[in-house]
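**Q** Based on the sequences and whatever the hints tell you, model everything.
Note that the protein sequences, when read in sequence, are chains A and B. The first sequence begins at 1 in the UniProt record's numbering and counts up by one. The second sequence begins at 1 in the UniProt record's numbering and counts up by one.
Do not take every clue at face value.
Copies of the same chain look alike in the list, so a pair counts if it fits in one copy or across any two.
Below 25 Å or equal to it, Euclidean Cα-Cα: the simulated SDA-like pairs (lysine to any residue) are [to be verified]:
#1 232 - 161
#2 13 - 232
#3 43 - 59
#4 43 - 192
#5 87 - 69
#6 232 - 201
#7 13 - 225
#8 232 - 82
#9 43 - 136
#10 232 - 41
#11 87 - 149
#12 232 - 126
#13 43 - 81
#14 89 - 153
#15 13 - 51
#16 43 - 53
#17 87 - 76
#18 89 - 102
No lab work stands behind these hints, which were simulated from the structure alone.
Number of protein chains: 2
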Amino acid sequence: MNALIVHAHNEPKSFNTSMMNLAVEVLQGEGHEVLVSDLYEMKFNPVASADDFRDRANTDHLVYALEQRHAFASGTFAPDIAAELEKIKWADLVIFNFPIYWYSMPAIMKGWIDRVFVSGYCYGGTRIYDRGGLRGKKAMLAFSLGGQAHMFGPGAVHGELEVLLQPIQRGMLGYVGLTVLPPFVAFHVPYISAEARRDCLEQYRAHLLTLEQRAPLAFPSLDDFDDRLQPKVVAAS
Amino acid sequence: MNALIVHAHNEPKSFNTSMMNLAVEVLQGEGHEVLVSDLYEMKFNPVASADDFRDRANTDHLVYALEQRHAFASGTFAPDIAAELEKIKWADLVIFNFPIYWYSMPAIMKGWIDRVFVSGYCYGGTRIYDRGGLRGKKAMLAFSLGGQAHMFGPGAVHGELEVLLQPIQRGMLGYVGLTVLPPFVAFHVPYISAEARRDCLEQYRAHLLTLEQRAPLAFPSLDDFDDRLQPKVVAAS
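**A** Here's what the structure looks like:
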């Protein structure tokens with residue numbers, strides 16, 4: 001298996017970076033090939049702009065998704081986007097390793113999605129969900145956060161983690177056809193003991209060694225929707 | 001009223017930018033003061049890093065939120081963060097004007113949240129939700145997207161818009177104590193006629209002129225949680 005780890009943390013000595021390093025070690029130990037896109041180390045540019053295209057379909061008015069389609073068809077993406085696209089094509093599994101910032105990923109990783117999940121290749125029209133451009137590949141989130149487990153769930157102060165993750169797991173990863181495996185969550189990281197952190201890394205090791213056994217998350221099937229993406233049968237509300 | 005519009009679009013001739021310009025015109029017409037943070041025009045840096053602090057509490061190991069608290073206490077934020085914080089302090093209303101990218105805001109705006117919603121001032125410990133640092137101020141999302149209204153809702157292909165917006169409206173805005181007004185949503189923008197776009201702008205004008213009449217979104221009250229943020233009463237699931 002070819003595994004790509006997209007990593008975003010601004011401190012190389014962080015626990016979060018240790019999670020990324022552990023994943024490299026465990027996956028290589030299992031005989032897999034591993035590539036890491038360490039976005040902070042790469043000084044990855046997260047800002048979607050006209051500079052992302054070496055040739056413009058319309059130089060008068062920028063419509064980002066349309067220029068993505070043109071750049072994909074003509075092979076004229078900026079070099080940093082083209083390089084990340086090659087890694088995606090190569091990968092069978094993509095792990096996103098990051099600290100939760102504001103119930104989402106840090107901007108440097110959000111910008112990787114904005115710029116690299118390009119229309120034309122990753123999705124387009126009704127090529128979404130189980131018809132998405134990246135179908136057949138797997139993805140997984142691995143993240144750390146400050147909150148504790150009891151702060152998430154029905155009636156908990158921050159609500160349900162699955163709901164907070166829906167824009168990422170369904171709206172980004174599921175949308176392009178990726179099979180999304182259950183996430184690994186490291187709670188309360190800034191406040192726990194060194195021993196608790198070691199335990200957490202061992203749990204992540206076990207999680208990585210049993211990926212094949214985990215049932216993926218469920219997302220819509222385009223079979224249930226018509227060409228206008230209307231439900232073919234009226235769904236219960 | 002003092003209104004701050006945080007705007008993120010990479011094409012000045014876009015419909016989305018017209019929405020921002022309209023909001024300036026309407027709010028000024030109502031006698032309000034308006035400031036715009038046009039993030040693309042400002043070339044705003046969205047990447048949270050050690051460079052954000054002119055003086056470090058710990059130069060050996062970066063813990064971003066702890067450095068925010070130190071920088072707030074000592075007045076040592078990088079100039080671009082300090083300038084945005086002054087605008088937030090000044091504002092009674094903050095409008096976030098953006099195109100939906102991947103069921104969230106573009107990275108350049110996510111990075112504005114990451115870097116400007118600082119621990120120490122905007123939140124900290126149990127100073128969240130109705131005890132958040134920005135309580136008393138209002139916020140609102142105004143966004144455009146490619147999808148159509150029928151693609152959102154229970155049983156719809158992309159699920160419920162309120163759920164997709166929860167990380168932003170609750171996890172970012174509500175979390176820091178902002179009173180969040182219902183969003184203005186411009187559906188299907190790249191594909192509609194010039195006339196439909198004019199209609200949409202008129203709807204936004206009406207929305208802006210009736211802000212005071214709109215009931216804000218409901219978020220948790222810290223009164224219902226103890227010091228560990230456990231629910232004081234067991235909530236029904």
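**Q** Indicate, hint by hint, whether the structure satisfies it.
**A** Here's how the hints hold up against the structure:
In this assembly of identical chains, residue 232 and residue 161 lie within 25 Å of each other by CA distance solely across copies; the values are 20 Å between and 30 Å within a copy. Taking the shortest alpha-carbon separations for residue 13 and residue 232, neither the intra-copy value of 51 Å nor the inter-copy value of 38 Å comes in at or below 25 Å. Taking the closest pair of Cα atoms, residue 43 and residue 59 come within 25 Å of each other only across two copies (20 Å); inside a single copy the shortest separation is 27 Å, beyond that limit. For a Cα distance limit of 25 Å, the shortest separation of residue 43 from residue 192 qualifies neither inside one copy, at 30 Å, nor across copies, at 38 Å.
Proximity of residue 87 and residue 69 under a CA criterion of 25 Å is satisfied intra-copy only: 19 Å inside one chain copy versus 38 Å between copies. Taking the closest pair of Cα atoms, residue 232 and residue 201 never come within 25 Å of each other, the shortest separation being 45 Å inside a single copy and 32 Å across copies. Neither within a single protomer nor between protomers do residue 13 and residue 225 lie at most 25 Å apart by alpha-carbon distance, with minima of 47 Å and 34 Å respectively. Taking CA atoms no more than 25 Å apart as the test, residue 232 paired with residue 82 passes in neither setting, with 38 Å inside one copy and 52 Å between copies.
Within a single copy, residue 43 and residue 136 get their C-alpha atoms no closer than 30 Å, and across copies no closer than 38 Å, so neither meets the 25 Å cut-off. With identical chains, the CA atoms of residue 232 and residue 41 are never at most 25 Å apart, being 47 Å at best within one copy and 44 Å at best between copies. With identical chains, the CA atoms of residue 87 and residue 149 are never at most 25 Å apart, being 34 Å at best within one copy and 35 Å at best between copies. With identical chains, the CA atoms of residue 232 and residue 126 are at most 25 Å apart within one copy only, with a shortest distance of 14 Å there and 46 Å across copies.
Taking CA atoms no more than 25 Å apart as the test, residue 43 paired with residue 81 passes in both settings, with 13 Å inside one copy and 20 Å between copies. Proximity of residue 89 and residue 153 under a CA criterion of 25 Å is satisfied in neither setting, with 36 Å inside one chain copy and 33 Å between copies. In the homo-oligomer, the alpha carbons of residue 13 and residue 51 lie at most 25 Å apart only across protomers (17 Å), although the nearest pairing inside one protomer, at 33 Å, exceeds that limit. Within a single copy, residue 43 and residue 53 get their C-alpha atoms as close as 19 Å, and across copies as close as 18 Å, so both meet the 25 Å cut-off.
In the homo-oligomer, the alpha carbons of residue 87 and residue 76 lie at most 25 Å apart inside one protomer (17 Å), although the nearest pairing across protomers, at 39 Å, exceeds that limit. Taking identical chains as interchangeable, the C-alpha atoms of residue 89 and residue 102 lie at most 25 Å apart only when they sit on different chains, with a minimum of 20 Å there against 30 Å within one chain.
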